[in-house]
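Top line first, the protein sequences correspond to chains A and B. All residue numbers for the first sequence refer to the numbering used here, where the first residue is 18 and numbers rise by one. All residue numbers for the second sequence refer to the numbering used here, where the first residue is 8 and numbers rise by one.
Treat the hints as calculated values from the structure; they're not laboratory data. Cβ atoms here follow ideal geometry from the backbone N, Cα and C, with glycine treated the same way. The reader is advised that the hints may include incorrect statements.
[To be verified] Think about it this way: if two alpha-carbon atoms lie no more than 30 Å apart in a straight line, the pair counts; the simulated BS3-like pairs of lysine-lysine are:
1) A/Lys84 <-> B/Lys116
2) A/Lys48 <-> B/Lys94
3) B/Lys66 <-> A/Lys48
4) B/Lys94 <-> B/Lys57
5) B/Lys71 <-> B/Lys37
6) B/Lys71 <-> A/Lys84
7) A/Lys84 <-> B/Lys95
[Unchecked claim] Label pairs and their computed distance ranges (CB to CB):
8) A/Cys66 <-> B/Ala33: 30 to 38 Å
9) B/Ala138 <-> A/Cys61: 51 to 59 Å
10) A/Gln86 <-> B/Thr150: 51 to 59 Å
11) B/Val128 <-> A/Ile51: 23 to 31 Å
12) B/Asn35 <-> A/Asp189: 53 to 61 Å
13) A/Cys61 <-> B/Glu20: 20 to 28 Å
14) B/Arg83 <-> A/Lys179: 54 to 62 Å
15) B/Gly144 <-> A/Glu112: 41 to 49 Å
16) A/Asn125 <-> B/Asp61: 54 to 62 Å
17) A/Gln86 <-> B/Val22: 40 to 48 Å
18) A/Glu112 <-> B/Thr150: 57 to 65 Å
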Amino acid sequence: MKITIKRDETYEIYELEDGAYTLLEALNKIKHEIDNTLSFSSGCRSSVCGSCAMRVNDQEVLACSYKVQDGDRVEPLNNMPVIRDLVVDMDKSYEMNVKAKAWISSFNSEAVLDHEAEKVNEVQSDCIMCGSCYSSCPVYAVNGEFLGPFSLTRVWKYVSDKREDDAGEKIDTIQTNGIWDCTLCNNCTVVCPQNISSKADIEKLRVRSSMFGYSDPSFGSFGGGFDGGFGFLAEGQGPDGSPSF
Amino acid sequence: MVAIVLEGTLFLEIVVFGREAGKNAALNAKDIESLSVPVYSECFLDNEFKNTIDFYKYKEKIGKLLYNKVGIVRKRAELEDALDEIKKIESLLSDMGWSDTSAIYNTNKQEFLEFRNILQVSEVVIQSALARSESCGAHYMETE
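Just need the whole structure built from these sequences, with the hints factored in.
Next comes the structure, spelled out in structure tokens:
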């Protein structure tokens, strides 16, 4: 079989023997037998560590779980700087967890975590921060300040946790460049190797936000909202005197 | 699943018993003669490497060698065989090397350094196993 790998600006084609093996095995084979200079990162080889996320035919996968096929085109993750070949710099997406304050900030020691409470955010706890969701996110692609899928999933994890005493603070943090910027396109859900739906978590955060008195800010820009659209303003002007659309 | 459960419980054992074992090992080490381990004073990478032998093949060989001869049930003769083999590979080290010369994310060079470490650790493991003739814990010696 033949596979194509993006290496910096060029694409290189490698000929491999046919058979059923993972992309990671194929990459190791190339590195050991054909070209020692091929660079990629990997760790556990069992879909647990999240180091080997990359794109195959424009779809994010973990190299260690994806079975390589003839004609595959392998590229590094999108939306983050490439360090070399298939290795990307994930620092910025990791920083989003800090920006989103994705941790327990006010610990409620009275809360008892029973099995039912454990189930509430069990799926969200499975995140391995492989970065596939950031790579597939069209909002993060155009707005580098967008908190992004795995950070918001993590915020939901703590907002829904009984042991968090001050969920309001978290809700406040995610109002700008956060939940309302998401287009609900669902790409993150499709690519997640851990079956987490950041899109669904963002929707839950929106509901929780409205309970805290927030609303979708983009509704306000439709002709000035509900109270500005009755002709009190001059034709062609918005509430602040600027041209309205 | 079993692996995760094992990992979960073993982690606690490492923390609890590992601490005790470590303390006792440190105390005992004072009275026990040390095995010889090569000490490098100069930078290993400054040596000359011909890079004519592929170290990745030998890395796989060592994996199989340790699995087969330095595994769960150990025999003195097999351990000695394995030690000979490791020493033979060690003598080839200067004929091995790395071909990636990039300074950025050079995993080829890194893996070569790790290969050197693998050789050293394997040697120490085998020497230690040979030095302890009675079975103890995970070290099971079969009498011949």
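Outcome of the hint check:
1. Annotation: proposed proximity of A/Lys84 to B/Lys116 holds, straight-line Cα distance about 28 Å (limit 30 Å).
2. For the hint linking A/Lys48 to B/Lys94, the alpha-carbon distance of about 26 Å falls within 30 Å, and the restraint holds.
3. Simply put, B/Lys66 and A/Lys48 have alpha-carbon atoms about 14 Å apart, close enough for the 30 Å limit, and the pair holds.
4. Taking the CA atoms of B/Lys94 and B/Lys57, the gap is near 19 Å; set against the 30 Å cutoff, the hint holds.
5. Distance hint between B/Lys71 and B/Lys37 is unfulfilled; the C-alpha atoms sit about 34 Å from each other, more than 30 Å.
6. Of the supplied pair hints, the one linking B/Lys71 and A/Lys84 holds, its CA atoms being roughly 25 Å apart against a limit of 30 Å.
7. The straight-line distance between the Cα atoms of A/Lys84 and B/Lys95 is roughly 37 Å, outside the 30 Å bound, and the hint therefore fails.
8. For the pair A/Cys66 and B/Ala33, the supplied restraint of 30 to 38 Å holds, since their beta-carbon distance comes to about 32 Å.
9. About 33 Å separates the C-beta atoms of B/Ala138 and A/Cys61, a value inconsistent with the hinted range of 51 to 59 Å.
10. Checked against the hint of 51 to 59 Å, the C-beta distance between A/Gln86 and B/Thr150 comes to roughly 52 Å, which is consistent with it.
11. With their beta carbons about 29 Å apart, B/Val128 and A/Ile51 fall inside the hinted range of 23 to 31 Å.
12. For B/Asn35 and A/Asp189, the hinted distance range of 53 to 61 Å is satisfied, since their beta carbons lie about 57 Å from each other.
13. A beta carbon spacing of about 21 Å between A/Cys61 and B/Glu20 agrees with the range 20 to 28 Å that was offered as a hint.
14. About 58 Å separates the C-beta atoms of B/Arg83 and A/Lys179, a value consistent with the hinted range of 54 to 62 Å.
15. The supplied range of 41 to 49 Å is met by B/Gly144 and A/Glu112, whose beta-carbon atoms lie about 44 Å from each other.
16. Checked against the hint of 54 to 62 Å, the C-beta distance between A/Asn125 and B/Asp61 comes to roughly 58 Å, which is consistent with it.
17. Distance hint check for A/Gln86 and B/Val22: the Cβ-Cβ separation is about 44 Å, which falls inside the suggested range of 40 to 48 Å.
18. Here the CB-CB span from A/Glu112 to B/Thr150 is close to 59 Å, well matched to the stated 57 to 65 Å.
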